[in-house]
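Colleague: Quick note on my numbering: the sequence shown kicks off at 8 and runs consecutively.
It cannot be assumed that every hint is accurate.
Said to hold, decoys possible - Ranges between beta-carbon positions, derived for each pair:
1. Ala257 to Ala60: 17 to 27 Å
2. Val178 to Ala200: 36 to 46 Å
3. Arg10 to Ala257: 26 to 36 Å
4. Phe128 to Met8: 16 to 26 Å
5. Gly129 to Ala197: 25 to 35 Å
6. Arg207 to Leu278: 31 to 41 Å
7. Ala233 to Val178: 30 to 40 Å
8. Leu148 to Ala60: 47 to 57 Å
9. Arg312 to Ala197: 36 to 46 Å
10. Ile231 to Pro146: 21 to 31 Å
Unchecked claim - Pairs of lysine-lysine, DSS-like flavour, derived with a Cα cap of 30 Å:
11. Lys315 to Lys121
12. Lys134 to Lys121
13. Lys323 to Lys134
14. Lys315 to Lys98
15. Lys134 to Lys315
No lab work stands behind these hints, which were simulated from the structure alone. For glycine and all other residues, C-beta sits at the position ideal for the given N, C-alpha and C.
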Amino acid sequence: MERILIDGLSFSLPLFIMAIGGIYSEKSGITNLALEGLQGFGAFTGALAAVLAAGWFVDGSQAPFYLAMVFAVLGGMAYSLLHGLLCIRFKANQVISGVVINILAMALTAFLTKYMNRTVFGAASDKFVLGVSPRITVPALSQIPVLGAVFTDVYPFEAIIILVAAAAWYVMYKTRYGMNLRACGENPHAVDAAGLDVGRIRLIAVMVSGGLSGLAGISFAYSISANFSSSIYVGYGYLAIAGLIFGNWAILPTLGSCLLFGFARSGGYYLVQRMQMPSSYSDLVMTLPYVVTLLLLMFFSRYNRAPKALGEIYDKGKR
Numbered sequence: 008m009e010r011i012l013i014d015g016l017s018f019s020l021p022l023f024i025m026a027i028g029g030i031y032s033e034k035s036g037i038t039n040l041a042l043e044g045l046q047g048f049g050a051f052t053g054a055l056a057a058v059l060a061a062g063w064f065v066d067g068s069q070a071p072f073y074l075a076m077v078f079a080v081l082g083g084m085a086y087s088l089l090h091g092l093l094c095i096r097f098k099a100n101q102v103i104s105g106v107v108i109n110i111l112a113m114a115l116t117a118f119l120t121k122y123m124n125r126t127v128f129g130a131a132s133d134k135f136v137l138g139v140s141p142r143i144t145v146p147a148l149s150q151i152p153v154l155g156a157v158f159t160d161v162y163p164f165e166a167i168i169i170l171v172a173a174a175a176w177y178v179m180y181k182t183r184y185g186m187n188l189r190a191c192g193e194n195p196h197a198v199d200a201a202g203l204d205v206g207r208i209r210l211i212a213v214m215v216s217g218g219l220s221g222l223a224g225i226s227f228a229y230s231i232s233a234n235f236s237s238s239i240y241v242g243y244g245y246l247a248i249a250g251l252i253f254g255n256w257a258i259l260p261t262l263g264s265c266l267l268f269g270f271a272r273s274g275g276y277y278l279v280q281r282m283q284m285p286s287s288y289s290d291l292v293m294t295l296p297y298v299v300t301l302l303l304l305m306f307f308s309r310y311n312r313a314p315k316a317l318g319e320i321y322d323k324g325k326r
């Protein structure tokens with residue numbers, strides 16, 4: 008049971024912070040199917056920064072890990088400008104823009120990873136080796152029955168994600184910018200009539216989604232695979248989108264849906280190991296979060312309420 012909780016949290020929390028990024032974008036009225044590409048490009052930027060800076064620090068230093076997180080956020084924000092430019096400035100179809108950005112990110116990061124390895128590091132490889140982030144156990148709290156697992160073998164990024172998620176919740180629901188952002192997703196013309204710049208508010212929201220997706224991507228790289236590769240993120244962005252939809256575009260319910268996905272995944276791995284099944288069954292376990300998604304879609308999708316102006320191209324001349 009403890010292992011299910013530990014592994015489930017390490018998968019759920021990066022998924023959750025990426026879903027929060029999606030909530031910011033979609034609450035502002037911009038459909039964001041580009042989470043997959045944003046996390047991939049952000050993670051590439053962070054991983055590249057980590058491997059380039061690795062020689063500057065002594066062996067065992069955690070500085071490259073934290074440097075990678077900073078650059079992953081910046082890389083995700085920079086790449087999200089493309090989605091913002093297409094959807095806000097050029098009024099492109101938001102769904103098509105998201106899909107194209109995902110495909111472009113996968114191809115671009117694969118090419119750049121191979122190119123940097125060949126030209127800078129002299130190695131024919133399609134990945135950046137990062138290693139696994141160290142884990143922390145809180146001595147007293149880890150002894151609590153069952154719940155002690157929450158404080159056992161914790162990745163540093165889990166604590167960072169919780170703090171960032173709390174800040175994101177506060178900004179969304181307790182600040183003037185958050186109120187204006189939510190209004191843009193419901194009635195952008197009213198926001199414009201109040202003298203506010205709808206495009207600027209939406210662009211900031213899209214950049215927040217890029218930064219949080221990049222943070223999620225580098226967290227996955229340092230936990231699930233111990234390296235960066237363009238292929239390790241396939242499906243996670245869409246899973247985050249499913250999580251925010253089932254969370255009804257609200258942060259706390261979205262946390263519940265992401266935890267459900269994470270525990271479905273870790274619980275499946277636990278069953279495979281406990282029943283001593285062949286290792287090939289581990290690949291089948293990867294589908295469990297998506298099976299859960301389909302079940303939730305069948306029974307709860309009719310209760311979802313998306314922002315009224317979600318996906319609509321804002322035209323200032325129409326009132």
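Colleague: Hint by hint, work out which the structure violates, then give me just those numbers in ascending order.
Modeller: 1, 2, 4, 5, 6, 8, 9, 11, 13 and 15
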